[in-house]
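Chains as they are written, first to last, in this note's numbering: chain Y, 1 to 85; chain U, 1001 to 1085; chain L, 2001 to 2233; chain X, 3001 to 3728.
Honestly, the hints are just simulated from the structure, not real lab data.
Please note: incorrect hints may appear among the correct ones.
Claimed, not checked - Residues of chain U clear of chain L, computed beta-carbon distances all greater than 10 Å:
#, residue
1, 1010
2, 1053
3, 1065
4, 1070
5, 1074
To be verified - Below, a list of computed lysine-lysine pairs in the DSSO-like style, where the Cα atoms sit at most 30 Å apart:
#, chain 1, residue 1, chain 2, residue 2
6, X, 3044, X, 3507
7, X, 3285, X, 3250
8, X, 3491, X, 3507
9, U, 1042, U, 1053
10, L, 2077, L, 2031
11, Y, 53, U, 1053
12, U, 1042, Y, 42
13, Y, 53, U, 1042
14, L, 2112, X, 3250
15, X, 3047, X, 3721
16, Y, 13, Y, 42
17, Y, 53, Y, 42
18, Y, 13, L, 2112
19, U, 1013, Y, 53
20, U, 1013, U, 1042
21, L, 2031, X, 3047
22, U, 1013, Y, 13
23, Y, 53, Y, 13
24, U, 1013, U, 1053
25, U, 1013, X, 3285
26, L, 2112, U, 1013
27, X, 3044, L, 2031
28, U, 1013, Y, 42
29, L, 2112, X, 3637
30, X, 3491, X, 3044
31, X, 3437, X, 3637
32, X, 3637, X, 3721
33, U, 1053, Y, 42
34, L, 2112, U, 1042
35, X, 3047, X, 3637
36, X, 3250, X, 3507
37, X, 3313, X, 3285
38, L, 2112, Y, 42
39, Y, 13, U, 1042
40, X, 3385, X, 3285
Note that beta-carbon positions come from the ideal geometry of N, C-alpha and C, so glycine has one too.
Residues per chain are reported as follows:
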Amino acid sequence: MTQFRLTFLVGLKAGILDPAGQATRNVLQHMEYQVDDVRIGKWIQVIVSAKTKDQALAIGQEMGERILSNPVMEYFEVTVQAYEQ
Amino acid sequence: MTQFRLTFLVGLKAGILDPAGQATRNVLQHMEYQVDDVRIGKWIQVIVSAKTKDQALAIGQEMGERILSNPVMEYFEVTVQAYEQ
Amino acid sequence: MNNDLSVGIVIFPGSNCDNDTIAAIFALGAKPVVLDYRLRSLPVLDRVILPGGFSYGDYLRSGALAAAAPIMDAVEKAAANGLPVLGICNGFQILCERGLLPGALLPNPSGKFICQWQTVRVANESPLFTGLHQGRILRLPIAHHEGSYRTAQGQLADLFDRGQVFLQYSDPEGQSHGLTNPNGSVANIAGVQNRNVVGLMPHPERAMATYLGSRDGADLLASWLGMGENAVC
Amino acid sequence: MLTHQDVGLSASEDQEIVQLLGRRPNELELGLFGALWSEHCSYKSSKNLLAQLPHQGQFVVQGPGGNAGVVQLSADWDIAFKIESHNHPSFVEPLQGAATGVGGILRDIVAMGARPIAIADILKFGVNEQAPALLHGVVEGIGAYGNAIGIPNVTGSLGFSAVYDANPLVNVLAVGMRRHGLQVGADGARPGSVLILIGQGTGRDGIHGASLLASRDFGAETEEMRPTVQVGDPFMGKLLMEATLAVVGKGFADAVQDLGAAGLTSSTAELAYASSVGLIVDVSKVICREQNMSPYEIMLSETQERMLLSVPKQNLASVLEVLAWYELPYAEIGRVVAGDFLRIEAGDQVLAELPTSVLVGSCPRLPVMHDVRIWDAGQPSVLEKIGLQSRWGYQVLGHPDCRNRSSVYQRYDSMIGTRTVWGPEHDVAVMHIGNGKPGLCIAVAAPARWAAYDSYAGGIGAVVAALSLVAAQGAVPLGLTDGINAGNPAKFEPYRKMADLIRGIGKAAEIFEVPVTGGNVSLHNETEGQAIWPTAAIGVVARHPNPEHPIADAPPDAGVRILALNPPANPDLGGSVLAEILGRSDRYPVLDLRAIQHSLRFLVEIIPQAETVGLLGCRAVGIGGLFFAVAKSLMTKTPMALGANLVLAGDADARFVFNEMAGQWVLFVDPEFQSFWDHVSETHGVSVVDIGWVTGSPEVVITAGRSLTWPLIDLWRAYRKGGVRDVR
Ligand SMILES: Nc1ncnc2c1ncn2[C@@H]1O[C@H](COP(=O)(O)OP(=O)(O)O)[C@@H](O)[C@H]1O
Ligand SMILES: [Mg+2]
C-alpha cells in the first residue's frame, strides 16, 4: 500500500445561490476591487492508502459521492498525487 | 480590461488545529476507508478585471492577503487563468 | 395517554437537543428510549426521532457526517419497513443528507445563525399527524445556521403535487411570502415528508409550555404520537 | 540560552526566583515561572486589591480561588458562575478568539462539577471602520461555541466607544448548576492517585499566549506573536464536558482542573498547590498533535478542550470506561505523591523540579497603593437647568449604547435547554430549573462611561445597576462575579483607576451584602499608550421567586399608573448617554446607597406578593434613563398600542428623565391600589413618585410646564435603526 494525496474541490452547482460568495464579492467591491463574481467552495485534502494511483482515484471518486459532497446541490472534482511525508 | 479567473486555495497553517478535518477523518475511518489525514480549507473563485494576467495575479495576491485569508492562521495559494463567459 | 408507546431518540456525538426532546416525549406520556449512534440494529420501537444539535460539530456539512453513522443503516431499514421517523432541525439535515427526504438545507443567505419565534402553517394534512389540520398555525422557535431548504432542479413541483410539503413559514394569519421567510427556503418550506419520514426545521420540543412562549410544540408532537391534539399533560 | 526577558519576567523577579530556589532555574523551569508569574496567571498587580472584596455570605458554597464561585440556590441545587475575558485573542482573531473564550469559561464551570446552563456576553467595541467586522466575528464565535454544545445565550450587554477601537472587550459570564452537596474542585487530589489528561491532542497552539500576549500592551512588536492563536473545537468541547460531568457526578475523580492559560503548567502546578500534594508529570506520555514537540512546548501549549483529572487507582477502570464511551483521547501522564513539588520528567529523565509553594505561592504581589483616589464627593451638576427637547429622545434611543440589540442576540440560540423563560429581549434573564420554584434570575451590567471619569463611582454604579435589574424581578441576589478590564498596571493612571474601580465594587458589594465569589482581571488593554476606560463587567445570579410567572416589564393596559421608585432628589446627567450626545460628559454622580438599599429590600419583599398590592409591572432604570425605560416598556409590546402620559413637576427637565443614576425603577400599578402606593413612603420607607399613567394611544407625552410628544413609531425607528427624527 502506498499513500496518495487526494485533492477535492467541492462547489455549489451553477444556478444555486451562493450567499457567502455574494457577501465576499460585495466586500471586495466596496474595497474597490474590479470584481464580477465570487464563488466559495471547499478544498479538501485526504491522505489515503491504496495499491495504485488509479485505485486511489477510484476511492476518491466514491468518497466524494458518498460523503464529501452533497449531490443535490454540489459538484466536485478530485485529483490524485503521490504523497511523501 | 480583460476578465481573469483567480482561483484561491485557502488552508489552515500547519500545526493549527483543524477540527472539521479531524472529525471527517474519524468518520471516513469508521466507514473503513484507509485514510490518514484530512484537512479542510476553502476554494474561492473570483472573476476579476485587469489589464494583464500578471496584474490580475498581483491583485489576487493582494486580495488574498488583505481579505480572503486570515494571516494569523491561514495560508493561501492563488492561480490565474483567462476567463471567457 | 399511551405509556406503552416507545420513542427512540438517537444521540449522535454533538447532539444537543437530545435532553430537551427526551423531556418533551416523557412529558407527553410516551416512553423515550435513548439510542446510541453506534448501534447497528434498533430495538422494538414505535417511533424514532433524530433530534437537533450540531452532530459531529456540523463539520463538513450539517448532518453529513451523522448521515454516515452506523445507526443510520438501521434507521433507513426501519423507515423502509414503515417505522415513523421524525427529524428535527439537525435531524432534518441528517435525513436529507441520507437521502431519506428530498432536498438539502443550505446556509442561511444572511450567513448568520438565526434564533427567533416563528409561525408556521400546516400545508398538507398528514396521516402521520392525527388531528393536525391543514391550515393550522403553530408558533415554534427556529434556531439554525443552515436552514435554507432547497430542492434539486425540477423537484419542487413534484413535492407540492405529492403533498410532501408539510410546514411552511408564514405570518400569524397563515400567509406565506417573502417577508415571512426567515432563511430563504424555497416556497417558505419549513418541513417535508416522505411517506413515514418527516423533517422539520422548527423545534417543537422547545414549545411545550406557555411560560416558554408557546405550547404548540406539545400539540405537534402529541399528534405525531397519535395522541390527538388534546392529549397534552 | 533563554533569559528572563524571553519569558516576560523582570530582573527583580528573576533574582527573587534564584533566591527562593537557592539555584538558577533551568530553561524549562524558567518557562514555568514565566507563565505562572505572569500577570495573567498570578494576578500580581490586582490580587491585593481583590482581597478587599467581600467574599462571605449566607449562600456562598465556594468563594474565589476555585475555577468558579458557587452559591446555593435551593435545597437541591447550587449555582456555579464566573466571568472570563478573552479580549486580546478576540482582537487578533475575532471568531476563534471569542469562541475559545467561551470554551474556556465553560470548562471552568464544568471543572466545578456543574452543568453549564447559560451564557451572557458583555461586549465593548470601538467606533472605527474595523469595529463592525470585529463585532461580527466575535458574535459568530460566541454563538458557534456555546450554542453548539447546547448552552443558550440568555442575556448580555453591548457598548461602544472610541477607547475600545484597538482594545475591544469580550467578557463572557457562564452559569452552571450542580447538586447541592457535590464537592468538586482542584483541591482534593490525594497521594496515590493518577493524573489523566483528557481531550484534544496537544499542539503548538498559543505557547506563552497568556504570559506574553495577555500580559503586555499591544504594539508593533506583538504582531509577530500572532501565530499563537488557538482554534476552538466545540464538538470536542461537548464530549469533554459530558465525560467530565459523568466522571465527577459519579465521584470517580478526587480533583479536576481545566487547562486554560499556560496549559499543563498552570493546571498541574495549581492542582498540586491547591491540594497540598506533589505531582510527577511525564511529558513523554502526553498525546501530541504535532511531531517533535519539546517538553517546553508541551508544558506551555494552550491547546483548548483539555481537562486534567486526578483519579484514585481504584476508580481508574471506571473512568477509562467513561472516556471510551465518549471516544475521548486520554493519557495517563503522571501521579500524585506526598510533597510540595512539581516534577517534570520525560521517561526516566528528570527535566524540572520546583516547589509549588515557590512556583505558585511566592509570586511577588504588588502592594496596594493607599489613598491615591482622586475623587471629591458632591460635585455640582454637570448641566444646570437645560429644559427638554424632543430631539433628545430620539438621539438617546438611537445612540449605539441604547439601540436595539436583536441583530446581535438573534444570532445566538437563547432557548436551547428549554429553561429560558425570559431571554435577551428582556433586561434580565429568567430561567426555571425544573419543579417550579425557585428559579434563577441572571443579569449583567457594564456601564463603562460611568467609570471613565471616576472609576470608584463607576464601580459602585455597575454593582447597583446589576442588582437593580434582578430586584425588578423580586429576585434575591446570591452572589456577584466581576470582570475587571483596565490598562497597563505598571503605569500610575491605569493602576489607580483599576484600584478605584475595585474599591467601588467592594464598597457596593459590602453595603448591599452580596458577596463577590469570583471574577477575572484583564490588564494591558492598552495600545500605543492609549488605555481603555476602566471597565467592570458585573454579573449577578439571583433566586427568582416564581420563574414560570416573571413579573411583567411592561404595562398591561391603558389606565395603569406609572410610578417612579427612588427617583434621585438631585438628578444629575453625569456619565449619561444624553450628556455624551450634548458633548458634556462628566463624572458620574454620587448615589444614595442607603435609599437604594431600602428600595432593593422593598422590591424583594413586595414582588412575590405583587398581586395583593396591584403591582403589575416593574423595570429598572439604566442607560438612557427613565425615558428609555418607559419607552422600552411600550415598544416591546406587540402590537404597539399603548402610550404614556408623564406629568412632571413644573421645573423637571431632561435631568429628571435622562439621568442614569442607578437604583431607580419604573413601576406600573393598578389604580385601584392607589392608596397603598400613596402611603408606601410612610409604610415602607421608600420614595415613590406618581409620574403619570398609561394611555391607549401609542406615544410618549411629557408635560413639565409645556408638553412634548414622541410618537412611539418614531421612537421605535430610532431604536431600531439609530439616527434622529426631528420634532414634527
Ligand atoms: N452582547 C449581547 N448579547 C446578548 N444579548 C444582549 C447583548 N447586548 C444586549 N443584549 C440583550 O439586549 C437587551 C437590551 O439591551 P440594552 O439593555 O438596551 O443594552 P445593553 O447592551 O447596554 O444592556 C439586554 O438586556 C440584553 O438582554
Ligand atoms: Mg441591558
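Hints, one by one, checked against the model:
Taking the minimum C-beta to C-beta distance to chain L, about 16 Å, the non-interface status of residue 1010(U) holds against the 10 Å cut. Even its closest Cβ contact with chain L, about 32 Å, leaves residue 1053(U) beyond 10 Å, as expected for a residue assigned away from the interface. The claim that residue 1065(U) is not at the interface with chain L holds, since no C-beta of that chain comes within 10 Å of its own (minimum 22 Å). Even its closest Cβ contact with chain L, about 16 Å, leaves residue 1070(U) beyond 10 Å, as expected for a residue assigned away from the interface.
The non-interface label for residue 1074(U) is consistent with chain L: the shortest C-beta to C-beta separation is roughly 17 Å, beyond 10 Å. Distance hint between residue 3044(X) and residue 3507(X) is fulfilled; the C-alpha atoms sit about 22 Å from each other, no more than 30 Å. Note on residue 3285(X) and residue 3250(X): the hinted pairing holds, with a Cα-Cα distance of about 26 Å set against a maximum of 30 Å. Distance hint between residue 3491(X) and residue 3507(X) is fulfilled; the C-alpha atoms sit about 24 Å from each other, no more than 30 Å.
Pair hint residue 1042(U) plus residue 1053(U) holds up; C-alpha atoms about 23 Å apart against a cutoff of 30 Å. The hinted pair formed by residue 2077(L) and residue 2031(L) meets the criterion: a straight-line CA distance of about 22 Å does not exceed 30 Å. Restraint check for residue 53(Y) and residue 1053(U): not satisfied, since their Cα atoms lie roughly 34 Å apart, outside the 30 Å limit. A hinted pair counts as satisfied when its Cα atoms are at most 30 Å apart, and residue 1042(U) with residue 42(Y) qualifies at roughly 5 Å.
Under the criterion of a C-alpha separation no larger than 30 Å, the hint pairing residue 53(Y) with residue 1042(U) is consistent with the structure, at around 25 Å. A distance of roughly 39 Å separates the Cα atoms of residue 2112(L) and residue 3250(X); the hinted pair therefore is violated under the 30 Å criterion. Among the hinted pairs, residue 3047(X) with residue 3721(X) is inconsistent with the structure: their alpha-carbon atoms are about 43 Å apart, more than 30 Å. A C-alpha spacing of about 13 Å is found between residue 13(Y) and residue 42(Y), which places the hinted pair at or below 30 Å, so the restraint holds.
Proximity of residue 53(Y) to residue 42(Y) is assessed by CA-CA distance (about 23 Å); at most 30 Å being required, the pair is judged to hold. Only pairs whose Cα atoms come within 30 Å are accepted, and residue 13(Y) paired with residue 2112(L) is accepted, the gap being roughly 22 Å. Straight-line distance between C-alpha atoms of residue 1013(U) and residue 53(Y) comes to about 27 Å, which keeps the hinted pair within the 30 Å bound. Restraint check: the Cα-Cα separation between residue 1013(U) and residue 1042(U) comes to about 13 Å, which is no more than 30 Å; the hinted pair holds.
Between residue 2031(L) and residue 3047(X) the alpha-carbon distance is near 53 Å, which puts this suggested pair outside the 30 Å criterion. A C-alpha spacing of about 29 Å is found between residue 1013(U) and residue 13(Y), which places the hinted pair at or below 30 Å, so the restraint holds. Taking the CA atoms of residue 53(Y) and residue 13(Y), the gap is near 28 Å; set against the 30 Å cutoff, the hint holds. Our distance criterion of 30 Å between C-alpha atoms is met by residue 1013(U) and residue 1053(U), whose separation comes to about 28 Å.
As the CA atoms of residue 1013(U) and residue 3285(X) are separated by approximately 26 Å, the hinted pair is consistent with the 30 Å bound. At most 30 Å may separate the alpha-carbon atoms for a hinted pair to count; residue 2112(L) and residue 1013(U) meet this at roughly 25 Å. With a CA separation close to 56 Å, the supplied pair residue 3044(X) and residue 2031(L) exceeds the 30 Å bound. With a C-alpha separation of about 16 Å, the suggested pairing of residue 1013(U) with residue 42(Y) holds against the 30 Å cut-off.
Between residue 2112(L) and residue 3637(X) the alpha-carbon distance is near 26 Å, which keeps this suggested pair within the 30 Å criterion. Proximity of residue 3491(X) to residue 3044(X) is assessed by CA-CA distance (about 14 Å); at most 30 Å being required, the pair is judged to hold. Between residue 3437(X) and residue 3637(X) the CA atoms are separated by roughly 27 Å; this keeps the pair inside 30 Å, and the hint holds. For a cut-off of 30 Å, the pair hint linking residue 3637(X) to residue 3721(X) stands: about 18 Å separates their Cα positions.
For the proposed pair residue 1053(U) and residue 42(Y), the alpha carbon gap of about 25 Å is at most 30 Å, so the pair holds. Simply put, residue 2112(L) and residue 1042(U) have alpha-carbon atoms about 18 Å apart, close enough for the 30 Å limit, and the pair holds. Distance restraint check for residue 3047(X) and residue 3637(X): the Cα-Cα separation of roughly 46 Å exceeds the 30 Å cut-off, and the hinted pair is therefore not satisfied. A C-alpha spacing of about 40 Å is found between residue 3250(X) and residue 3507(X), which places the hinted pair above 30 Å, so the restraint is violated.
For the given pair, residue 3313(X) sits about 18 Å from residue 3285(X) by alpha-carbon distance, which is consistent with the 30 Å threshold. Annotation: proposed proximity of residue 2112(L) to residue 42(Y) holds, straight-line Cα distance about 19 Å (limit 30 Å). Distance hint between residue 13(Y) and residue 1042(U) is fulfilled; the C-alpha atoms sit about 16 Å from each other, no more than 30 Å. About 72 Å separates the Cα atoms of residue 3385(X) and residue 3285(X), which puts this hinted pair outside 30 Å; it is violated.
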